[in-house]
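Chains A, B and C are the protein sequences, given in the same order.
Residue 28 in the numbering used here is what sits at position 28 of the first sequence, and the numbering runs on without skipping anything.
Residue 1309 in the numbering used here is what sits at position 309 of the second sequence, and the numbering runs on without skipping anything.
Residue 2062 in the numbering used here is what sits at position 62 of the third sequence, and the numbering runs on without skipping anything.
Mixed in with the good hints, there may be bad ones.
Computed beta-carbon distance windows for the label pairs [as the list claims (entries may be wrong)]:
no. : chain 1 : residue 1 : chain 2 : residue 2 : range
1   : A       : SER143    : C       : ILE2069   : 39 to 47 angstroms
2   : A       : LEU164    : C       : ILE2087   : 38 to 46 angstroms
3   : A       : ILE11     : C       : LYS2091   : 39 to 47 angstroms
4   : A       : LYS113    : C       : ILE2069   : 22 to 30 angstroms
5   : B       : SER1573   : A       : LYS113    : 55 to 63 angstroms
6   : B       : ILE1597   : A       : ASN79     : 19 to 27 angstroms
7   : A       : LEU155    : B       : ILE1591   : 43 to 51 angstroms
Since the hints were made in silico from the structure, they are not lab data.
All residues carry an ideal CB built from backbone N, CA and C; glycine is no exception.
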Amino acid sequence: MEQLNAIIFYIISAIIIFSSIAVIFTKKIMKSVFFALVTFICFGLLFFFLNALFNGVIQISIYGIALCILFAIAVMLTNNNEEETHKIKFSPTIILAFLGVIMILSSILIFLKETMMYDSVFKTYINSSHILTSLDNTKQLSSELLTHNLYSFELLGLYLLIVLIGILVLLTFKGESK
Amino acid sequence: MDFFANNIFLIMFLPLWICLIIISGAFIRLTENRKMTAFLTSISTLTGLVFSIALFNDIKSPQPIIIEDSFSWLNIDNLNIYLGVLLDSTSAIFLVILMLISLLIQIYSYGYMKNKEEFNKYFVYLNFFNFAMTGLILSPNLIQLYIFWELVGVASYLLIGFFHKKEDVSQSAKKVFIINRFGDTALLAGIIFFAYFSITYMNQQPNEFLAFSDLDYFHNQLQSLTYPNVYNLVLSLFLIGAFVKSAQFPFQQWLIDAMKAPTPVSALIHSATMVCAGIFLIIRIYPLLSDELLKIILSIGLITAVLCAFIAISQNNIKKMLAYSTSSQLGLMFTAIGLQSIPVAIIYLVIHSFTKALLFLCAGNISQISNSIETKDISGLRKIDFYLAIYWLIGALSLSGLFFGGFTSKEMLLNIAENNKSILFLILLTSFMSTFYIFRTYFNIFEGNKREEYKIINEKSMSFALMTMVIFVIFPGFLFKVSQINMLCLLAFGVCITAIFSAYFSNKCNKIMIPPLLYKLSQNELFIPNLYNSIGRLFNLIYFAVNIIDKYVIEGFINITVKITKFISNIISKLQNGNIQTYVSYSIFSIGIILLIILYLYFMALRS
Amino acid sequence: MFEITLYHYLVLSLILFAIGFIGIIISKNIIKVLICIEIVMSAINLNFIAFTAYKNYLFLSGMIFALFITAISAVQTAIGLVLIYQIYKNKEKITSEEIEELKG
């Protein structure tokens, strides 16, 4: 069972990596929206493996479905028919970015490699022999949300309200045209 | 009499207070009344006069007293500077003369400056000068003397540059101030040397710092401590200060430039009072002077007397002639000091002050009648204003030493120089030339044909001042008895009569009977102004070099800094191209670098 | 290799983070930039939830924080899309080379 767990993990991670690369490198935007959808849904599946049911559901529904529908509508509204050509100009931007990313990757990987041998606690805590019968912690999550993190929750609600009003204002904003 | 002795400081501060009243009055439009300004000024001077006469009587009583009263102003370790008043016989005499002449000049100025603008400013400056000169006369030590010495120079600058809207007047005022500054620096150097010696080498400190009452003590100590050459060198700095202030030979140029002042100012400052400050200083430090220094004073005094009289005989400008005459007579006073006789010098000074002030006031009247001060423009004034001619004659007779006050003083001078034939010869030569030029001017101006456009001046204050001054020229002569009438006296008399006749004949024939070379030398003032001008032009090279350094090196440095900054900022501003993705890449790069650094530090900490 | 430790999840989230960042910088279309921002946020979510899953914490703070991140980033994308729409109305083009008004 452990091996099945590992194999499924590796397959899902490969799909995620492949589709996220595909998001960047496709020529048409609608296709990149599609690949983004695939990425987010696989993310949600990964969350299921980590004993976070509620988070996975939220991820699939909000990130995956709602956001991608939003992207699709925006793409249809803005009507961009240009195909992206990926001739990467070696401007200082890209060189710096690549360097930066490589530095971040290498530093964190080296750090992880060095500390792996010291930490024997980083073994599995969850009982990963059962893929589909993972413990459900939604109850605990929600009770904690409303007691331990009450203030942040209320503030988040306020923030969402403000954003809602803001978006309405922005949509009906008649600015000066050139 | 205690009242006068206790309140001497009032003489000094009353003019200052009136000065401040007039200044503040200008802000609140209180003393726009000109009569009030002149009245207040005269009241302050009159008070000073009353005080000084009362004090003079005290001082001259059978036991001569010295009043000294000072307070400690600055007290740091060994340095103990006092300010206050010191009144002895010298100060008393100088004070009386100052107050008297000052009062008469103020009355004269009321009439002279009546129609000119900025009347109140003139009286403010006159009050300030009164204050400064009184402070100088009453100072008990060298420090206060130096402070007021400089203040008198400032007052002189302000008054010379009074008509400052004319370009040459303001330039002359600056030149006068700078030349005086040179003398002040020499005096300051001398004072600092003294201070140094007094602090380091004298174990028993005298109570007051550099006081005049401690000069004998100084003299003995210093002569035992230093080489005679060093001693003479340091004291010659004082002498240079005195010579510059009294316009002696190498430095007499400033007195000529000072003639651009209004005429009453010339009468007050540059003939009677400020130029006597040099003589005052020498009298004060007289106990310190050694024999060689007295010889230096004697020789420079004689040189100045002869040379300035020589220049004055060919001047056509009345005020310039009178200025050179002042230098020459001051040279004779220095001669008297050099011959180690201070009373003669003081009497000569008193009588000369009145005489010269009278002559300058007459020159003021002449300039107002004829609107010019060149002798070739004026003639025949005797027929217009008879009294003016009389006054000028009285002044001329006194200046040449024939009658009235000048006679007494010249007799005294000749008597003390009796044993020295060359000095005697030079003094007689000077008196010959003095008589010659003053009478030549008389004949040029007052005789001849009357011009139509002249009108007599009817100003009451000016006439009153002139008449009072004449009284003071005539009468002091009778106070001193002449010892005897001897050959010397008759010789001097004969010399002067010859000079008068030669002046008369030179006016008749309309030329002067000396070789043309000498005449040219005299008329161009021995080419000394030209020498100064060419030295000044030498400095143009230095100005040119300094200008180039300023423009290209200093400013060039600033320009290069600006250019470098602009260049670098142009390069850096290309980093900001408005594209957000660029900015994101910058931040990613920085985060990468920070993470690498943290990793490195972590491993360093781990290994050690 | 067959045992999935915390490190696997951390490495996966790191790789996805890097890929998302590269996407932000390379993309020409701004909507693609917003999509890649979402990928980065998801990777961060994975990071937090992996930590709470593998460690015996008392409170489930990581999962709650991941909820917050989700909510806020979704809202941020929505606002971004509204702004992009406004820019589109002005300029008719949404590539990153066109939007350089703040150049200097």
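Worksheet item: Which hint numbers doesn't this structure obey?
Response: Going through the list in order, the structure violates hints 1, 2, 5, 6 and 7 and respects the others.
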